[in-house]
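Here are the chains, one letter per residue:
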Amino acid sequence: MKYMLLINSAGTDQAQEGCEASFEDWMAYDKAVQEAGIFVAGHSLADLTTATTVRVDAKGERAITDGPFAETREVLGGYYVIDVPDLDVALDWAARCPGATGGGSVVVRPIADFEG
Amino acid sequence: MTGPYAENVEAVFREERGRLLAALVRRFGDLDLAEEVTSDAIEAALVRWPVDGVPPKPGAWLMTTARRRAVDRLRRDRTYASRLALLQVEADRAAPSPAGAGDELPDERLQLFFTCAHPALNADDRGALTLRCLGGLATPEVARAFLVPEATMAKRIVRAKKKIREARIPFRAPGPDELPARLPGVLQVIYSIFTEGYAASAGPDLQRLDLAEEAIRLARILRRLLPAEREVAGLLGLMLLIHARRDARTGPGGELVLLDEQDRGRWDRAMIEEGLRLVPAALAGGPPGPYGVQAAIAALHDEAADVATTDWPQIVALYDVLLALAPSPVVELNRAAAVALRDGPEAGLALLDALAGEPRLRAYAPYPMARADLLQRLGRLPEAAAAYREALDLAGTEPERAHLRRRLAAVT
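Taken in order, these protein sequences are the chains called A and B.
Counting from 1, one number per residue, gives the positions in the first sequence under full-length UniProt numbering.
Counting from 1, one number per residue, gives the positions in the second sequence under full-length UniProt numbering.
Just so you know, the hints here were simulated from the structure itself, not pulled from any lab data.
Please read these numbers as outputs of a predicted model, since none were measured by experiment.
Treat the hints loosely; a few may be bogus.
Claimed, not checked - Keeping only pairs whose Cα atoms sit at most 16 Å apart, straight-line, the calculated EDC-like set for lysine to aspartate or glutamate is:
hint, chain 1, residue 1, chain 2, residue 2
1, A, Lys2, A, Asp92
2, B, Lys163, A, Asp88
3, A, Lys2, B, Glu141
4, B, Lys163, B, Asp107
5, B, Lys155, B, Asp177
6, B, Lys162, A, Asp30
7, B, Lys161, B, Asp124
8, B, Lys163, A, Asp113
Okay, chain A solo, but in the shape it has when bound (with noise of 0.2 Å):
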């Protein structure tokens, strides 16, 4: 059963100084992902000043904006998609992930599946 681990950065407000994982805590996590034999996919997404958004209205025309921004407290920053047997493993992994200290959070979601 696959799910994706969707990792949120903590807001500005919510950040607990001095709790950030470092890049070694998150090299060691995405090491034994790897190892683990569990790993389908994961990318760590670039700063949010950078996302545009995208929208088609019923005439077909595009709109496209800069942002979006900070109205959402939490900004999503990465994700992992991993293949586990159920849900206690997949938040066994949520746990260990670096996101999900100091302020920040994982959300783990099940990848639908249309075929069974």
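For this one, chain A is given, so just place chain B on it according to the hints.
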């Protein structure tokens, strides 16, 4: 089918239903299928047993019948079957099935307890699902228990089952290393069913005894499944020691009667004895947990002949332990009331007034009720009346309001 035979059979089934359901969930990995064939098997038994006689191994008969129905169902519906087969492979990957299938149904209800109380489920749904799967209550009964419309409850149960299925919450009891983190969630579900029954938060009746009894029944099952867990003993003990006072808690008009005015002759002695026997098990062999400490407090009340001879210093000391384990303004409130009985109303009132800013007590009727009581004892009647009025505005049930009107009348 009616009459004593039917009632007897239904009582048997209520006990068997949870066991059967848990075993089928383990076998097929799907709650919906397990529920469907459990009901089928019980229906078949209600038809066949009165005619053919009760089989020598009723549990095995029900299990065989249910499994046959499940296999039929899976033959009819190939897509469903292939999805379940996949589920089963995954489940075995997570936790290999125990080898060997004896005659005796293995008791797999523990897994079901942990699934129904899983922290990934909506907190409101956990109690409902537990009552349905392990308490053997049908959805309309669960709806009545929580005073919500049947359609609302049906939606909640569907939502919870959908999450279990689609997010794949496993049917698995946590290992010894995870148990300390997961068990409190299961105990919380049972205790909230009990407290909803004990002091209904709304409605015409103060106590909904069926819910309280259901919670006790669930705790008894859990105690058999986890005999070494002290907090399970603590929770069962606590509920028995509180429930033993049920008949004395309401007056002839259905109004609330507080501990100090209860006729202790109407307390259920047998239930108190049973509760008292659990307290040592809850407290021995390690640092106490919050349910064990609360059971010890309830035991001191139940052992006392009246309020005057109650061991208040010991109760205050236990509240101190409880506050260190699980700090909460409600516990502070209870401690203040105990201090008032140990050191006098003035001391208790000072502690209560220090809690005035607590947001969790702002709309909590017992807080102004406790203040009113102490103000009354200090002879500060206009202030007591104001506090009783405040409590009247907040009280959720008619019996509480009846009690408060009576107290208010005495000070005005």
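Hints, verified against the model:
Restraint check: the Cα-Cα separation between Lys2/A and Asp92/A comes to about 14 Å, which is no more than 16 Å; the hinted pair holds. With a C-alpha separation of about 13 Å, the suggested pair Lys163/B and Asp88/A falls inside the 16 Å cut-off, and the hint holds. Our distance criterion of 16 Å between C-alpha atoms is broken by Lys2/A and Glu141/B, whose separation comes to about 37 Å. With a CA separation close to 24 Å, the supplied pair Lys163/B and Asp107/B exceeds the 16 Å bound.
A hinted pair counts as satisfied when its Cα atoms are at most 16 Å apart, and Lys155/B with Asp177/B does not qualify at roughly 35 Å. For the hint linking Lys162/B to Asp30/A, the alpha-carbon distance of about 31 Å lies beyond 16 Å, and the restraint is violated. At most 16 Å may separate the alpha-carbon atoms for a hinted pair to count; Lys161/B and Asp124/B meet this at roughly 13 Å. Taking the CA atoms of Lys163/B and Asp113/A, the gap is near 14 Å; set against the 16 Å cutoff, the hint holds.
In the structure shown, a violation is registered for the earlier hints numbered 3, 4, 5 and 6, in ascending order.
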